[in-house]
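Q: Listed below, chain by chain, are the residues.
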Amino acid sequence: MGESNEDIDQMFSNLLGEMDLLTQSLGVDTLPPPDPKPPRAEFNYSVGFKDLNESLNALEDQDLDALMADLVADISEAEQRTIHAQKESSQNQHHPASLEVPDFSGAAALGYGASVAAVSVSQYEDDLPPPPADPMLDLPLPPPPPEPLSQEEEAAQAKADKIKLALEKLKEAKVKKLVVKVHMNDNSTKSLMVDERQLARDVLDNLFEKTHCDCNVDWCLYEIYTELQIERIFEDHENVVEVLSDWTRDTENKVLFLEKEEKYAVFKNPQNFYLNNKGKKEGKETNEKMNAKNKESLLEESFCGTSIIVPELEGALYLKEDGKKSWKRRYFLLRASGIYYVPKGKTKTSRDLACFIQFENVNIYYGIQCKMKYKAPTDYCFVLKHPQIQKESQYIKYLCCDDARTLNQWVMGTRIAKYGKTLYDNYQRAMARAGLASRWTNLGTVSTGPPAPPAPPATGLKTGTTQANGQIPQAAHSVSAVLEEAQRHAETTKDKKPALGNHEPGAPRAHQLPKSSLPPPPPLRRSSDVCGSPKTAPRAKGPGGGFPAPPDDSLPPPPPPPPLEDDQLPPPPPDFNDAPPDFVPPPPPSFAGDAGSPLPPPPPPPPAPAPEVAKPPPVGVKRPPVPPKRKENPAPPGGGGSGEQDFMSDLMKALQKKRGNIS
Amino acid sequence: MAGMKTATGDYIDSSWELRVFVGEEDPEAESVTLRVTGESHIGGVLLKVVEEIKRKQDWSDHAIWWEQKRQWLLQTHWTLDKYGILADARLFFGPQHRPIILRLPNRRALRLRASFSQPLFQAVAAICRLLSIRHPEELSLLRAPEKKEKKKKEKEPEEELYDLTKVVLAGGVAPALFRGMPAHFSDSTQTEACYHMLSRPQPPPDPLLLQRLPRPSSLLDKTQLHSRWLDSSRCLMQQGIKAGDMLWLRFKYYSFFDLDPKTDPVRLTQLYEQARWDLLLEETDCTEEEMMVFAALQYHINKLSQSGEVGEPTGTDPGLDDLDAALNNLEVKLEGSASTDVLDNLTTIPELKDHLRIFRPRKLTLKGYRQHWVVFKETTLSYYKSQDEAPGDPIQQLNLKGCEVVPDVNVASQKFYIKLLVPSPEGMSEIHLRCQDEQQYAHWMAGCRLASKGRTMADSSYASEVQAILAFLSLQRTGGGGSGNHPQGPDASAEGINPYGLVAPRFQRKFKAKQLTPRILEAHQNVAQLSLSEAQLRFIQAWQSLPDFGISYVVVRFKGSRKDEILGIANNRLIRIDLAVGDMVKTWRFSNMRQWNVNWDIRQVAIEFDEHINVAFSCVSASCRIVHEYIGGYIFLSTRERARGEELDEDLFLQLTGGHEAF
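Chains as they are written, first to last, in the numbering used here: chain A, 3 to 665; chain B, 5 to 667.
These aren't lab readings, by the way, just hints derived from the structure by calculation.
If a hint is listed, it holds; no wrong ones were tucked in.
30 Å max Cα-Cα, derived DSSO-like pairs, lysine-lysine:
no.	chain 1	residue 1	chain 2	residue 2
1	B	Lys518	B	Lys457
2	A	Lys393	B	Lys405
3	A	Lys262	A	Lys178
4	B	Lys518	B	Lys405
5	B	Lys381	A	Lys178
6	B	Lys567	A	Lys348
7	B	Lys514	A	Lys350
8	B	Lys457	B	Lys423
9	B	Lys457	A	Lys393
10	A	Lys330	A	Lys346
11	B	Lys590	A	Lys270
12	B	Lys423	A	Lys399
13	A	Lys270	A	Lys295
14	B	Lys590	B	Lys567
15	B	Lys516	A	Lys346
16	B	Lys457	A	Lys420
17	B	Lys514	A	Lys330
18	A	Lys393	B	Lys381
19	A	Lys350	A	Lys327
Here chain A stands alone, though its shape is the one from the complex (with noise of 0.2 Å):
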C-alpha cells in the first residue's frame, strides 16, 4: 500500500507543479464560476462502449490529459475557466476527491438515462459538473480510506478539475466530439476522443503518438462491420466522427488499429494495378518488378496529370443477385465513372455497358467468410453500399472475385475512382509522417537516454514524496515534456490538434526510454494515471498500457469498503489495481456493466474484474486490463515492433522488483 501512495503522492506532486505553472502564467484573476448547467445542446457519442461511464472512464486518462494539454496549449481561449479552476482546486485539494467524482458521475448518468447500448450518448453540458466543489462538500461523503485519501482526493480533484476544463473546453468550441474505443492489434483497446473536425490522419497520428509504434504508411482505421461480416479501411482524409455516425446505436462495429498492406499497395507496387492486364504472357513476370523510377514516372503519369487515370480492369465477377443467395457471373468493367457490366448479348464497347454503380454514395469493403454466410463461390468478395446502411438489405451489393488479386485490384482500383488524386495526397502525407516518425525516433533516443536518469532531482516540481519510484515518472515526465517540446519545434507543419497530438506524446515517448537502456520507465503514463484517477477503471488500463504496475508484493488488500463505485472512488482500489494486474485485478469499476447505475452499488471489488477478465472482448474490452502485462504493454510499443515487448516486458518486471524492494 506504502507503495502504491507514494506513486500517487508522486503523481499529485507532478500535478500540483503543474497547476502552479500554470497558473503562474495565467496571472491572478478571480472569475465568476462558468454556469454550471449551459443551456446548449450538444452531444456526444461513445462508439464501442457499453456505456458512458466506461467511456468517461476510459477517456479520463488518456484523453482528460490530452484535453489539458489542450487548454495549456490555448490559454488565451481558455483563461478564465482555467483560473477558475485552478482556485478551486487549490481550495479544494484538501476535500475528498470522491466527492467531486461521484456527483459527476451521478450527472452523467442522468444526462444518458438509458445506457444499454454499446454506444453511449452522453450529453456532457449535462454531465457538466457543477464546477465548484464547494456544494459537494455537503454530501455526505463516502469516506474513503482515511490516509492516502487527501493525496487521492487531491489528485481526483484534480482530475474533476480536468474533467470540467476539458467539458467546458468542449462546450466552448461546441465541437462533436466521440469517445472512440478503438482496438489494437493485440486485443487491447484504448479509447480516443475524436472531435468532427478530425480526419482518420489526425486519429492515425494520435494513435502513433499513443502507441508508439513506427509509423509506417500501411497502419490505418479500418472498420468492422461484424453483423454484415464486412470490412474496409478508413481513408485518411475521410472525417471520422462523420463516418461512425451513421453507426446504429447498438452497433457490434469496431475500430481497429492495424497495419494493411492494401492501404497503400498501389503506390507501392502500381504495376501491380496499371500494367497488368495488358500483356498477359510475358507480363506477369516482367511486372513482377520493377524498379523505383519507373514506379516513379507511373505514378506521376497516372495521378499527376490533369486527371487521374483509373487503372484498367475488367473482367468476370460473380454477383448475388438482391435478396437471393445465388451468384450469377457477369462481365464487369471499371472505369472513373463506376462500375460497369455488359448485358446479355451485347460487347464490352462502351455504348453497351449498363451501369452497375456508381460510386457517389457508396464506399467499398471486404466482405469475409462469405462463402459461408452467403454461399459465395469464393472468400474473395467485395461489397458495395451505402454508409449508411448498417444491415442487410437488398441495397448492398456483394461481388465475388475468382482470387485474391483480383480482389485487391477491384477494391483498389475502386478507391482510385472514388477518391482519385486525394488518395495519392493521403499516401504522401503517410510517407512523410512514416518518415518524421523514423527520424524522430532516433533523435529521440538519443537525447533521452542520458538525461533520464538525473532528471528526478532536475524536475523541481514540488514532490511531496521523494520516493524514489515517484521520481522516476517525474523524470520521464520531464524528458518526454523536453522532448515534446523539441518536437513541437520540429514539426511545425503538424496539424491543428495540438493538444491530442503534442502532448499526449510524452506519454508513448517515455517509453522510448527502455529503449536506451536506460530504466527510467513507468513515466508519464503513470502520472497521468494518477492525476486522472479518480476511478480504478483508468487505473487499470493506465498501468498496464503505461507500465510498471507495483509488484505484487504490494498487493493491498481490496481497500475497505468505498461504499462508492469505484469510478466515484478514486483512491484506494487504483493503486493496488495497479499492482496486481496479472492477479487478482481488484478493483474494478462496475460501472460499465452496471449499466447506468453509476452511483452506488458497493463495490465488490474483486469480483467485478473477475468477470471482465473471463469476457473481455464482448463487453468492450474497455477492462482490458487483464492481460495487462503481456497485452496492454505491447500496445503503446506495439507498432514498434515485435522484438521490443518482450524487451519491455523483462525491464518491466525488473523494474518492479526494484520498486518492490524499495518500498
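Using the hints provided, position chain B relative to the given structure of chain A.
A: Then chain B, alone, in the frame of chain A:
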C-alpha cells in the same frame, strides 16, 4: 553584278537570264527577267527583282520559292550555284506569310496569315501565339477533309468568318494583356469579337446538324482523320497548301501540360470544344451515365457563358479592372445574400411546410398517393396526417442527408414527382413526393438536393438552385417538351436549349427529349456550383478519364501478320488492336521503349522495347511519317518540365519527329 555586255549587245560574262515570277505560284503572274551569273547571291537577286518591279511596297516578307524543287531560297548569302539554280528554274517571288482559313477546335472559321516558309512546327507556334494558346507543341494542322459537293451551297454562305489577317504581332514577346484580353485583340470591335469567339464556349450545336455530320461507325473510320495531319518539319508551301486553303487546327497530342484556367482561357476553351465535339461526334465513346454528365456540364457551361458570368477575372489590368471586378463581385454577393434573406430572414431556420401527396412504394402495396402535411426543416422531412397533428409525432421522419434525389417530371402533363431514396441503417427507403406545380416543385426539389448533400435551405445556394430547376423546367417546356422523338430545329432563344444538342446522336435516337431532360438535370445538380472554367476543366477531366480517350488510330500491318490491324497511339503507350473486334491485343509502353526506326523505303516502323521485344509494322492508312511523328511527339512532350516554362526545344522536337531530311 552580272550583265556586262559588248557594244554589240553580246554578254561577255557568263551571265544568263533568270526569270522570276512575281506572286504566288500563278503561272499567269507577271514576271521579271534578270541577268545573273552563277555567283549571284540570292540577296542580290531579291534586290534586283524589287528594283525591276518598280512598285513601292513593303517587300520584307517576300522570298523566292523554287517550284520544281519545292523549296524556299531563304539563305540570302547562298549563290545560285550553291542552290543549283539554272535558267530553267521556275522561281516565284512571293510573300512568306499568306492567309489561310483555320477551322478551330470549336468549329468556327478564322482567317489569318500563317508562315508558308517555316517548318510547320514554327508556323503553328506563331499561330498559337496570335490566338494566345500556350503550349503550341500540343497542336498541329490537318488538311480539311474533301467536301462532298452537294451540300456546299446551303451551308457556306451563312458562316461567319473571323478575320485576323490584319493583326500583326510584335515578335517574341508574350502579348501583354489589355482590357482582359491580349492587347492585339483589343484594336477593333471585330478582333474583340474574335477573341470572345476564341475564349468563350460556343452554344450547343443544332441537333439536326449534329445528326448530319459524319460520325465514325467503326475503328476503321476513326483512322481516317489521322491520315490528314501535316508534317511538322516541313513548311506549308512544301506540303501543297495554297493561300486561302482551309486547314484544321486541333490538339494533336493528348498530353495537356499545365492546364491553367487563369492564364489559358483560349486554350481551355478550345480544348473543351474539341473534347465536346469529340464526344458529340462519337469519336470517343462513353456510356450513357457519362454522357449525361457531359451533357449537364455543357448545359451549365453554356448557361454561364450566355449570361456573361465568365466567372473568373480573365486577366486584368492590375489597377482599375481589379477594382471593378472586386466591386462586381461584391455586388453579386450582396445580391445573392439579399435574395436568400427575403426567403428566410424571418425564420432563421428556413423550412418548407405544405400539403403534398406522398407515396411509399412497398411490397404488396397498391395504395396510391395520399395527401399529407409535410414539413421540411433543416435536412429532415417529416410528414403528418394533417396539419393539426403537426406538433405531435410525425408518421415518419426522414433525414435526407446522403439520399438520392430523382426527379420525375413532365411539364406537359403537369407531373412533378420527386423520388427520394433515403438511406437508413436498414437499407434504403423509398418515398415519392408529388408537387402541384413548378414553383412548389422547384422549392422542394432544391431543398431535397441540398439536404442530400447535408446542407440546409439556409445555404446560400438554395435560391440559385431553385432558379436552376425552374430554368430547366422551362427548358423542357420549350425544348423537348414536344411529343416527339424528333429533335426540334435550332432553338436559339436564351432559355430554350434543346437537350438533343448536348448529347451524341445515338442518345437522340435512344431517348425522347423529355426523358433526357430530367436525367441531364439530375446530373446537373452535381455541377451546378462550378464556375465556367471549373466546369470546362471538369469536362476535360471527365473526357480524359474515358478509357478510349486520347488514342489515335492507324491501320498497320504487323510484320509476319497477314491481316491489317489497328495501332492505337496514346500518350504513354502503343496498343495493338484487333481490327474486326476492337479488342486490345497488346500494349507497349513508351517508358519501356529503347529505340524506334523508320525504314522510309519500305514504309516500315521498327520499335525495340526492353527485354528484347521487337515490333515492326508497316503503315497502311497513314504514312509512316505520321506514326513516327506521333511517337516522337509524345516522347518529346514527356520531356517537358515545369521549370523550363514555355520555352520549346524546337530542335529536339524536330529531331524526334523529323524524317531523314531533317538530319
